[in-house]
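Chemist: Model the full assembly from the supplied sequences, consistent with the hints where possible.
As given, the protein sequences belong to chains A, B, C and D, one line each in that order.
Residues in the first sequence are numbered from 1 upward in steps of one, following the working numbering.
Residues in the second sequence are numbered from 380 upward in steps of one, following the working numbering.
Residues in the third sequence are numbered from 759 upward in steps of one, following the working numbering.
Residues in the fourth sequence are numbered from 1138 upward in steps of one, following the working numbering.
Simulated from the structure, these hints should not be mistaken for laboratory data.
Just so you know, even glycine gets a beta-carbon here, dropped at the ideal spot from N, CA and C.
You may find that some hints are simply not true.
Have a look at the derived ranges for each label pair, beta carbon to beta carbon [claimed, not checked]: (1) A:Gly249 x C:Phe788: 40 to 48 Å; (2) D:Lys1361 x A:Ser341: 47 to 55 Å; (3) A:Ala177 x B:Asn407: 15 to 23 Å; (4) A:Arg46 x D:Gly1434: 34 to 42 Å; (5) B:Asp424 x A:Lys124: 39 to 47 Å.
There are 4 protein chains.
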Amino acid sequence: MVQPLHIGMIGYGFMGRAHSNAYRKVNNFFDLKYRPVLKAACARDRDKVKAFADTWGYESIETDWRKLVDRKDIDAVDICVPNNLHCEIAMAAAAAGKMILCEKPLAMNAGEGLRMCQAVEQAKVANTVWYNYRRVPAVTLAKKLVDEGRLGRIFHYRANFLQDWTISADLPQGGTALWRLDVAAAGSGVSGDLLAHCIDTAMWLNGPIVSLSAMTETFIKERKHNLTGKVEKVGIDDACALMCRFANGSLGLFESTRYARGHKALYTFEINGEKASIKWDLHDLHRLEYFDHRDEGQTRGWRSIHVTDGEHPYMSRWWVPGLQIGYEHSFVHHVADFLDSLAKGVPCQPDFRNALATQQVLDAILESAKKGTWTEVAR
Amino acid sequence: MVQPLHIGMIGYGFMGRAHSNAYRKVNNFFDLKYRPVLKAACARDRDKVKAFADTWGYESIETDWRKLVDRKDIDAVDICVPNNLHCEIAMAAAAAGKMILCEKPLAMNAGEGLRMCQAVEQAKVANTVWYNYRRVPAVTLAKKLVDEGRLGRIFHYRANFLQDWTISADLPQGGTALWRLDVAAAGSGVSGDLLAHCIDTAMWLNGPIVSLSAMTETFIKERKHNLTGKVEKVGIDDACALMCRFANGSLGLFESTRYARGHKALYTFEINGEKASIKWDLHDLHRLEYFDHRDEGQTRGWRSIHVTDGEHPYMSRWWVPGLQIGYEHSFVHHVADFLDSLAKGVPCQPDFRNALATQQVLDAILESAKKGTWTEVAR
Amino acid sequence: MVQPLHIGMIGYGFMGRAHSNAYRKVNNFFDLKYRPVLKAACARDRDKVKAFADTWGYESIETDWRKLVDRKDIDAVDICVPNNLHCEIAMAAAAAGKMILCEKPLAMNAGEGLRMCQAVEQAKVANTVWYNYRRVPAVTLAKKLVDEGRLGRIFHYRANFLQDWTISADLPQGGTALWRLDVAAAGSGVSGDLLAHCIDTAMWLNGPIVSLSAMTETFIKERKHNLTGKVEKVGIDDACALMCRFANGSLGLFESTRYARGHKALYTFEINGEKASIKWDLHDLHRLEYFDHRDEGQTRGWRSIHVTDGEHPYMSRWWVPGLQIGYEHSFVHHVADFLDSLAKGVPCQPDFRNALATQQVLDAILESAKKGTWTEVAR
Amino acid sequence: MVQPLHIGMIGYGFMGRAHSNAYRKVNNFFDLKYRPVLKAACARDRDKVKAFADTWGYESIETDWRKLVDRKDIDAVDICVPNNLHCEIAMAAAAAGKMILCEKPLAMNAGEGLRMCQAVEQAKVANTVWYNYRRVPAVTLAKKLVDEGRLGRIFHYRANFLQDWTISADLPQGGTALWRLDVAAAGSGVSGDLLAHCIDTAMWLNGPIVSLSAMTETFIKERKHNLTGKVEKVGIDDACALMCRFANGSLGLFESTRYARGHKALYTFEINGEKASIKWDLHDLHRLEYFDHRDEGQTRGWRSIHVTDGEHPYMSRWWVPGLQIGYEHSFVHHVADFLDSLAKGVPCQPDFRNALATQQVLDAILESAKKGTWTEVAR
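Modeler: As structure tokens, this is what we get:
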């Protein structure tokens, strides 16, 4: 029999919607031993959380996350609030014995992240962090090819996450919709928001990062703050780039910005190995580019793999070859894997401990950028 | 208050899944006056329809479509069965006063289609045909650009629908999964299955087709039949191409096949106008290519529009710019528009009458291919 | 020792330049037994042909092509004049024992073409027709792959040649620069100018065309004529499309127009075989797209072959991998092959006889379009 | 009247061929006051330089560059030899009053480069450095768009030059063909060979680089040396990446390697400005990607400009719209501009002084990579 898993959702923003959609859809497409039940949604604004609950079918609402965490009828807490609240909520949820699905980045810094790890490990509760891009089928396929050893020795890894939505100096910072520009709520700018994804994927595919040299820039120095109504200094990084060395001897190059005119959410990565290379681009997320040097010379070329066949990761669950899925499906896959991991009694990666490594890199990035030196990544 | 709309689904195949998903999701993303309620699913095989109903949350099942059609608690019947059953079911559903959402093509031929039109018009029941590609946001945007007159006088329209899944001679015909290869169930091959989409979009964007010259081919002449177990003659067209003239004076060129190695579901169309041109490709359905001759000469080029912004059709309902949706969303949009049309008391296009025009072109195609002559399209 | 081959060039237009450039460059890049010597250029306008000769280094000029043909110091005559002069000049050149390199299409019609074939065959003079696209390295590679049998049974061949330079109704017809719009000089419009290339490549790659059904259209019915100064009826086809059947059982679809806004010279072709498919596009002529169904499923995709490696046809003669050549190089390759064929005493394809087959298809196209019927291709 | 310019070529390798081809073609396509005359070719190996001279039509040969430099019948010396000889030859040529066209990079280091600048400036001889990519029409168009101020404030510049030809550990270093792997002859690896191009273009388009942080790696530590026959330590950088800050406040990111499997000569750059962005890729050098935020929202997208129109830089000299030119034409354009600058009595950019700035960045790169610190660029 399929068991219910009672979800308590904290937050109702972009991620709250993406996760709710995933919970609702997952059993229509995947055979699973658990079925998410949308038990309660929580946010401070009663009207907004009520509307959100009605839209998505949450059975009840709360306006204090502590109450939600304490409810007996909740099995798992989903943390979809700004980064500065992750640690406190996760600590409480773990103490209450709840499973935790936490939005990325794990925490404001590695210190917080470490405490969160210790809390869930001590409480022995299932935990995962929503680095959803691992479960885009093309990215999962990349992981499979890497794990099969097809690339040989790796020489290079490079990744970008380019956006252009904060170029206007008129855009304010802070508040519900724009907390990502407020350093107090977000902890950092593009490094924690965008590079975090790049780093998570990179270490998943290519192993640990040992040392790095980073630079950051804040192009618009002051913006009106929605919470105070005043023009205030902008504390986040608008752009961040870094060079690094991986433990496997390969070189890495990363860049993220919200000032790359023409790019909405251009997350790309490329791995160059001795025998083969791989490229991916979020703007066409259903494709994987693959070059295999072992192919015959005269017909060798980059293969554009339309990752929609039944033999591609996750794709047998959806439609027919040639018909693409989209962004939201990465979350459905994450939920499917989380529920499957529960059934199997194994961790669902990335768990908190795994995501802590990304947090350590993020700390090193900000430190290196501040000091202008190469920095070792703590481990 | 949101009103329930009680759906009775007939069929549980690929389209049954796509529609069910749409019914379940639509109110999470669109503000509507109606909410689909999955009341009953119907198919001859009790076990299979039971499993289908459980997966998607249908409240009950039927194994005789006549019973479903007669149920008082059903508002709308969704016809997702092979083409040879469309007419009979639709006639009965109309007689029972049910709304009808019918899979494409409307019927086996224009004669059947006409009777269906007359039935729904006489019964005054809401009706629509699932030519879903109109509601891929990039295609809807194309329609908007055409309607705004941006292309000027149209010279050319060309479209392809290329697949490669029936190349193997070992593939049988007929039965549940392969009825599309059985002429008795499907009526025709790629013309009714694939070209029907191309023709529907073409006439929506570019107006009526006046005359045409077509050719068809059946590359594999005999296949084992799943229903008889014997090798039987293949009656469908494996490939079909046509030249035509539109009422607006432009020339059309269409091709469809299931023997184009390397293409899974490559539906492409292009319109060339005096002032601008448009291209689209289902394999990257979230993009629209647009060339505007009025752009300054030195920087003029085909624009690759990533149709994921809030100002693009339907896209304000989904995620954030840069994050693509997929194939299934075209059905969600169709349901949203159908429900909206109910609220407004207007037809939801394409309705049966509109889809009849495509059926008339399909008839002309088969006739022209058989006779080897140019054929006028009945209207 | 390298032998001189004395060239007499008739015409000084676009093709006169392209051929002259090829003659001048070929020995810098290819090891050959012959070296073209630019002996004389000929055209009616003395000033213009003098300027042309000075620019390209022709040793002398003529203003009467009959004189050029009769000169003892000319080995080979290059015919770069409008189509209506090909036959007469070629007949005279053959009678004078000259080798002939004739621009495409071979003639105004198959009747003329046949006489030209008989003339060169009787005179036993080397002859070739400048269907230069065969010698774009990517196209030559396509031929090699087809000849190796990699595609298996062929199902489909499709080709387009799309331009947009005659959309303006203000463009006149006739005279030096615009003879291609004058039916008296060109014989036809896009069919002889553009489709001729598509047909030549198609039959080279896929064998004879047996029968076809074509349509033509003249969108702008009248244009000012440069020779008379009056507005006159336009006699050429502005657009032409055809369906056909090849002798090998495959289906063909061809389209050409000068009214496809956004396309400057978009010659594309695609072949779909049982085992593999090939695509090419003149706008990126250094690439060949190749799909091989025998590739492993999970990494199968269209390969974009950057045809710039030493092992690709002709490319060992040029630069280093990754550095592309352009349009003009196809002519250099043609000259290289022509000179090589002289050394070997074999025909250089396409010779007149080979090009006659294309002419027969062109005749069938115009006949079919006029009659509105399927037409057998004469052979 | 057209004046002869007597060229003395030193070297006969890849660049010797590319330049010779340019000298021979330039007057066929450009109206110029000077015409290069291939007077003498020089190299130590008499047989090889004789063969080279015969192929390209050089009137004479020399085996000692000092003799060539001293010849009265030579106007301009073209330096196409390994980097370690640039300075000495250029100093002597300047002293002999010869114009100098020097291959890039200018010198082994900025110290040498400075002496070369002083020499040509004192001798008042015309001088230029073959950073040929500036004169690919798409790149020249990019410069034009930048100069017109279309991009607004610049935020980001990124460039890559990726190759894969030295991945095999069996490849030796040193000698005629492989001097680029020999640090004694080349001075550096990918930084001087490939990044030099990226830096030159970057500073041309985006102004001076102020400071940088670089890393280098030598993946294959030892290779057989062709000159000694022994396995020796590899002294060059196999890969090099850097972050930098431009004087205009924008951030730069550069990477170059010969270990990027699948890339033959992938030189790409991208500029992100407040109002518009530009991208270019050497593998499709005839295209420029352009995004203009001022375009209307619903049809905004990256424009793929096929840079083959008469109004595009240099293109009116070549064929017709849609027909691409290739790599070699960038050299023809450089010669055309050099000859034109002679006629006008102005410098031909990049001259030695301009190229010195790139050398200073290269020095800073190697220093930064060695020290592991941010480094100011000398100016």
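Chemist: Could you work out which earlier hints the structure fails to respect and list their numbers in ascending sequence?
Modeler: none
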